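S.K.: Residue-level listing of the chains:
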Amino acid sequence: MNSAQIEIQLIASLVAVACAIPGTFLVLRKMAMISDAISHSILPGIVIGFFITQDLNSPLLILLAAITGIITVVLVEHIQKTGLVKEDTAIGLVFPALFSIGVIMIAKNANDVHLDVDAVLLGELAFAPFDRLFIAGTDVGPKSLWIIGAILLITLGLLFAFFKELKISTFDAGLAASLGFSPALIHYGLMTVSSVTTVGAFDAVGAILVVALMIAPAAAAYLITTDLKKMLLLAIIFGVFSAISGYWFAHWLDASIAGSITTMLGLLFLIVYLFAPSKGLIAVMYREKQQRIEVSLLTFLLHLKNHDDIEERHVNHLNEHINWQKVRSKTVLDLAQKNNMIEIDNKIVSLTEKGDEFTSKAIDYIITNEDAQIEDMKDDFFLFRG
Amino acid sequence: MKKIAVQVDDLTVAYNYKPVLWDIDLEIPEGVLMAIVGPNGAGKSTLIKAILGILKPIAGSVSIYGKPYEKQRDLVAYVPQKGSVDWDFPTTALDVVMMGTYGSLGWIKRPSQKEKKAALEALEKVGMLPFKNRQISQLSGGQQQRIFLARALVQDASIYFMDEPFQGVDATTEIAIINILKELRKAGKTVIVVHHDLQTVPEYFDWVTFLNVKKIATGPVKDIFNDDNLTKTYGINYKVSIQE
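In order, the protein sequence lines correspond to chains A and B. Quick note: the first sequence, position 312, residue 809 per this note's numbering, numbers continuous. Quick note: the second sequence, position 43, residue 45 per this note's numbering, numbers continuous.
Keep in mind the hints are simulated off the structure, nothing from the lab. Honestly, I wouldn't trust all of these hints.
Heads up, simulated SDA-like pairs for lysine to any residue below, C-alpha to C-alpha not over 20 Å straight-line [claimed, not checked]:
id: 1; chain 1: B; residue 1: Lys20; chain 2: B; residue 2: Glu72
id: 2; chain 1: A; residue 1: Lys727; chain 2: B; residue 2: Val203
id: 3; chain 1: A; residue 1: Lys776; chain 2: B; residue 2: Gln137
id: 4; chain 1: A; residue 1: Lys858; chain 2: B; residue 2: Trp89
id: 5; chain 1: A; residue 1: Lys727; chain 2: B; residue 2: Gly129
id: 6; chain 1: A; residue 1: Lys776; chain 2: A; residue 2: Lys835
id: 7; chain 1: A; residue 1: Lys661; chain 2: B; residue 2: Asp90
id: 8; chain 1: B; residue 1: Lys58; chain 2: B; residue 2: Ser86
id: 9; chain 1: B; residue 1: Lys111; chain 2: B; residue 2: Asp90
id: 10; chain 1: A; residue 1: Lys640; chain 2: A; residue 2: Lys726
id: 11; chain 1: A; residue 1: Lys726; chain 2: B; residue 2: Thr174
id: 12; chain 1: B; residue 1: Lys73; chain 2: A; residue 2: Gly677
id: 13; chain 1: B; residue 1: Lys184; chain 2: B; residue 2: Asp88
id: 14; chain 1: B; residue 1: Lys216; chain 2: B; residue 2: Thr202
id: 15; chain 1: A; residue 1: Lys661; chain 2: B; residue 2: Asn135
id: 16; chain 1: B; residue 1: Lys73; chain 2: B; residue 2: Leu57
id: 17; chain 1: A; residue 1: Lys727; chain 2: B; residue 2: Lys4
id: 18; chain 1: A; residue 1: Lys578; chain 2: B; residue 2: Lys73
id: 19; chain 1: A; residue 1: Lys726; chain 2: B; residue 2: Trp89
id: 20; chain 1: A; residue 1: Lys661; chain 2: B; residue 2: Lys4
id: 21; chain 1: B; residue 1: Lys69; chain 2: B; residue 2: Gln9
id: 22; chain 1: B; residue 1: Lys58; chain 2: B; residue 2: Arg75
id: 23; chain 1: B; residue 1: Lys4; chain 2: B; residue 2: Asp208
id: 24; chain 1: A; residue 1: Lys835; chain 2: A; residue 2: Leu795
id: 25; chain 1: B; residue 1: Lys58; chain 2: A; residue 2: Lys727
id: 26; chain 1: A; residue 1: Lys726; chain 2: B; residue 2: Lys4
id: 27; chain 1: A; residue 1: Lys727; chain 2: B; residue 2: Arg136
id: 28; chain 1: A; residue 1: Lys640; chain 2: A; residue 2: Leu656
id: 29; chain 1: A; residue 1: Lys726; chain 2: B; residue 2: Ser139
id: 30; chain 1: A; residue 1: Lys583; chain 2: A; residue 2: Ala594
id: 31; chain 1: A; residue 1: Lys661; chain 2: B; residue 2: Glu117
id: 32; chain 1: B; residue 1: Lys119; chain 2: B; residue 2: Ser139
id: 33; chain 1: A; residue 1: Lys527; chain 2: A; residue 2: Lys640
id: 34; chain 1: A; residue 1: Lys661; chain 2: B; residue 2: Lys184
Since this is a predicted model, take the numbers as computed values, not measurements.
Generate coordinates for the entire structure from the input sequences, incorporating the hints supplied.
M.R.: So this is what it looks like as structure tokens:
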């Protein structure tokens, strides 16, 4: 690896971390689309900033663009508050309007400068190492590395200082307000951080990838953990993993780095979506199948408990009476036998003591539906899993 | 004469310029267990939110023991409607109860062992200690409501505002909750509950406020919980048999 390669991966990783943090809270607040809106509508801010500073990496440009991001949020909320349209419609109205203003401004005025719509949409990470920062004549590294590094440091500082406030206002804005933590202040703080991060990452990875880096790692982490801190950490790990693996994927394909990182994010989410331990598609399907079997078993045991006469408990009759197909009957019969809940004597099925006790408890639970008994039952039902 | 815990003067609240609460005057004496009753859209939740500064009224004022709410936050605990939060949020029962301590901590400061101990005690009181590490989406409706109650208890307030704490809970939880509320009253606290089930008002509460955009009546249950006020509030000829 040469130094340019290391620098590119470092920039991509820092961008991933800086995006994952606000992204986690956007996902939890169901505001993922706002990041899409911000990433597009900061374009006029960038163009105006570029006309003033003639430098894509100037802090003033970042500030101007971030302000456009905040204006987007305010406009969306204002339109939404009229009650005439829903939030998604408001977003769909605001950001194309602002984005198109930016596009026209570039076309009219910036034909001969380094700023075009392609670069804005997709970024060009491969060129990032060429634009270097010199301090007192010494080369200290690529400018974008310093910019995103500074933004990340501020984001981390704010996260550590206001973690509690972010958590409570995201979970329960009403309580947060009654306790004196202004949810509006925290909301706009988060929007400001999201806007600044978007601008900072924009030059390196472009408007589309910024959205993916904010939302995909957080969405994948959400499927895996039930702890906010772990969710943040996982989102960061997923982001960095996609950034680095995406870089090498692009290297191998000789294709766009931004496109490859986004592809990796998509693949990663797909894998998590399929294989996540309890919320993943496969886990859910397995659980549903288990529940079907458990319900069948209970139905079968109840039938046995309710009928004393031998005729009703004959194996062949059971098939007819419960009206199941042979395979299902056999699965349930085997399961009950394996757990010592029934005994079969001369093709007559009867409940064992354990089976009888279990059935009574189950009926009790179904009738009373009390919380405490659900807990016991959950433990019992786990016996049948695995 | 008892002290006044909550005083509301000429309170008007509007959504998009349409008033949902008209000129409310209300005095809630210290130490009562009060139900706020009224039909859907009567502004019951809005009244609580306006008292707690969550909604900004267009007119009127609120005072808690004679001072504005902003100065008396420490004295007040709030239990929002269970449906107002996302129970899929990645957090545990204990963590939600800990949120009750955030108010006394103020900005930036993190909860310590002291806050954790208080939260565990509150969980114990509502019988939810065994579930402290459970993810909140894995709790039943009744258990979630108990967690919310524990979060209010941990604030150790003087006045408790609760928005429909009995909504969607099983009978056991309802009894457990009302017993805790009665204990609070016994300890001299003031408890204000938005309530839906008119049948249980005389059994659970000693004070009641009838609300339907305007205040209809407020006072002791034994004096004012009658067909006349119910009819005025609900608009139809309302009859409930009050158990003597």
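S.K.: Within a Cα-Cα threshold of 20 Å, do A:Lys727 and B:Val203 meet the stated pairing?
M.R.: Judged against 20 Å, a Cα distance of about 45 Å means the pair is violated.
S.K.: Going straight from one Cα to the other, do A:Lys835 and A:Leu795 come out at no more than 20 Å?
M.R.: holds (14 Å)
S.K.: Take a quick look at whether B:Lys69 and B:Gln9 sit within 20 Å of each other, Cα to Cα.
M.R.: With Cα atoms ~9 Å apart, B:Lys69 and B:Gln9 stay inside 20 Å; holds.
S.K.: Next pair to validate is A:Lys640 with A:Leu656; report whether the Cα-Cα distance is within 20 Å.
M.R.: The hint is violated at about 24 Å.
S.K.: Holds or violated: A:Lys776 with B:Gln137, Cα cutoff 20 Å?
M.R.: Roughly 13 Å between the alpha carbons, so the hint for A:Lys776 and B:Gln137 holds.
S.K.: Regarding the pair A:Lys527 and A:Lys640, is the alpha-carbon distance no greater than 20 Å?
M.R.: violated (33 Å)
S.K.: Do the alpha carbons of B:Lys58 and B:Ser86 lie within 20 Å of each other, as the hint requires?
M.R.: Cα-Cα ~19 Å, so holds.
S.K.: Would the hint linking A:Lys726 and B:Trp89 be met if the CA-CA limit is 20 Å?
M.R.: Status holds; Cα separation ~17 Å.
S.K.: Check the hint pairing B:Lys184 with B:Asp88 against an upper bound of 20 Å on the C-alpha distance.
M.R.: Given that 20 Å is the threshold and the Cα spacing comes to 29 Å, the pair is violated.
S.K.: Take the C-alpha atoms of A:Lys661 and B:Asn135, compute the straight-line distance between them, and say whether it is at most 20 Å.
M.R.: Distance ~18 Å between A:Lys661 and B:Asn135 Cα, so the pair holds.
S.K.: Next pair to validate is A:Lys640 with A:Lys726; report whether the Cα-Cα distance is within 20 Å.
M.R.: violated (31 Å)
S.K.: Mind checking the alpha carbons of B:Lys216 and B:Thr202 for me, to see if they're no more than 20 Å apart?
M.R.: violated (23 Å)
The earlier numbered hints that this structure contradicts are 1, 2, 4, 5, 6, 9, 10, 11, 13, 14, 17, 18, 20, 25, 26, 28, 32, 33, 34.
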